[in-house]
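Based on the provided sequences and hints, a complete structural model is requested.
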Amino acid sequence: MNKVLSNAIEAIKGIEDNMTVMFGGFGLCGIPENTIMELSKTNIKGLICISNNCGVDDFGLGFLLRNKQIKKMISSYVGENAEFERQLLNGELEVELLPQGSLAEKIRAGGAGIPAFYVPAGYGTEVGIGKESREFNGKMHLLEHALTADYAVVKAWKGDTHGNLIYKHTANNFNNMMAMAGKITIAEVEELVPAGELDPNQIHTPGIFVQRIFQGVNYEKRIEKLTLSKS
Amino acid sequence: MALDKNQIAQVIARELKDGYYVNLGIGIPTLVANYVPEGIHVILHSENGLLGMGSFPTEETVDADLINAGKQTVTYMPGASFFDSATSFAMIRGGHVDITVLGAFEVSEKGDIASWKVPGKLIKGMGGAMDLVASAKNIIVAMQHTNKEGQSKLLKECTLPLTGVNCVKKIVSDLAVMEVTDKGFKLLERAPGVSIEDIKAATEGTLIIEGDIPEIKL
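Chains as they are written, first to last, in our numbering: chain H, 1 to 231; chain G, 1 to 218.
Misleading hints may appear alongside valid ones.
[As the list claims (entries may be wrong)] Taking lysine to aspartate or glutamate and the EDC-like style, the derived pairs with C-alpha atoms no more than 20 angstroms apart in a straight line are:
hint : chain 1 : residue 1 : chain 2 : residue 2
1    : H       : Lys158    : H       : Glu197
2    : H       : Lys225    : G       : Asp65
3    : H       : Lys168    : G       : Asp63
4    : G       : Lys121    : H       : Glu92
5    : G       : Lys117    : H       : Glu80
6    : G       : Lys117    : H       : Glu94
7    : G       : Lys121    : H       : Glu80
8    : G       : Lys110    : H       : Glu126
9    : H       : Lys168    : G       : Glu15
10   : G       : Lys124    : H       : Glu83
11   : G       : Lys124    : H       : Glu96
12   : H       : Lys158    : G       : Asp65
13   : G       : Lys124    : H       : Glu126
14   : G       : Lys5      : G       : Glu15
The set of hints was computed from the structure by calculation and includes no laboratory data.
In this text, all values refer to a predicted model and were calculated from it rather than measured experimentally.
What follows is the structure, given as structure tokens:
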């Protein structure tokens, strides 16, 4: 078993035009910076991206937007991005907006082999248009289908050569579920250690879900809204 | 006089009970954390994956890997926990969060809420708002009673795209505290110096007035 690659250039081999790719992260927190940057240097286009957000104009998935590599975004919140707005209004970009918890669960279900499930979120709103609905315990629910992807790209704090991953603080967010839902999952980590060095009690994502892993470099970890206390 | 944003937050904070798990939305709801009554300990839930959210960090403690659902840098309290987004929304959907406070563009007398989209303006997305309103046990809306043109935001029917239907339980506006009942907005309290007539004039939806309506004590 060798899951370890030396860098993002090797990790993205096999990603092709028109594929569906998941990207972990919430805002700019916990995004796979190295892999996104490397994809932005390629001519790969027509991507269907599943990510809670779409970066900002000059960071994260904003790089892929700028190069017009994204055909469609499946997200819950896409503000803070002027180029996104421009492409959307010009009809250059498709977007499917989903309630954040439904998006998370659709990805978890995809990874867990559950084809569809019912949730109350979005019932009676435009999110429910065209979806089956059903009453359970006196409350209306929508049928939501699972999401999977050709590739899932996640970012972790620590990882080992078996693909086990540990996230830091709120940088876990969508990464844990997306690792489960990729046919091939690429994990980039800040620190890669030999199998056996991470405490098995502390693993968030078991290595079975990860096919490729590499230690990233030059993490910028840009802060979207720096907010400090006055004292 | 109408309540200011901090006073609205202060009134909502009276609803908090010891041991509550609380989700506060962006804007006025965030201010509720500043008015937690003395002797009461609540745990703040941030839907990006944090229970036990603390205040904003200092320059020394700021960490890009530690943000809230509004993407602001934050800290965590002793006893905090971190988790993925699916687990976070299981807490919401499963009814484990005791109280949710959020803002709104409009609320209808049936408890429908519109808070995420204004047609013709940039579509940003609903984030976690639809999940929260569909599942929270107790939803309190913090809002202005009227818009800048003086038109009521408490309506018979919402005019903007909905975030959820039949879900809002209580509203604290700059003018009044109201409960959403089967028959409409039931007036519970009024802001100091604001008359029932003022509130009636500012409410397009059905307003139920029963008995004496006390002034809010701040």
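Going through the hints against the structure:
no. : hint                : verdict
1   : H:Lys158 - H:Glu197 : 10 angstroms, holds
2   : H:Lys225 - G:Asp65  : 12 angstroms, holds
3   : H:Lys168 - G:Asp63  : 10 angstroms, holds
4   : G:Lys121 - H:Glu92  : 18 angstroms, holds
5   : G:Lys117 - H:Glu80  : 15 angstroms, holds
6   : G:Lys117 - H:Glu94  : 17 angstroms, holds
7   : G:Lys121 - H:Glu80  : 14 angstroms, holds
8   : G:Lys110 - H:Glu126 : 18 angstroms, holds
9   : H:Lys168 - G:Glu15  : 33 angstroms, violated
10  : G:Lys124 - H:Glu83  : 13 angstroms, holds
11  : G:Lys124 - H:Glu96  : 11 angstroms, holds
12  : H:Lys158 - G:Asp65  : 13 angstroms, holds
13  : G:Lys124 - H:Glu126 : 14 angstroms, holds
14  : G:Lys5 - G:Glu15    : 16 angstroms, holds
In the structure shown, a violation is registered for the earlier hint numbered 9 alone.
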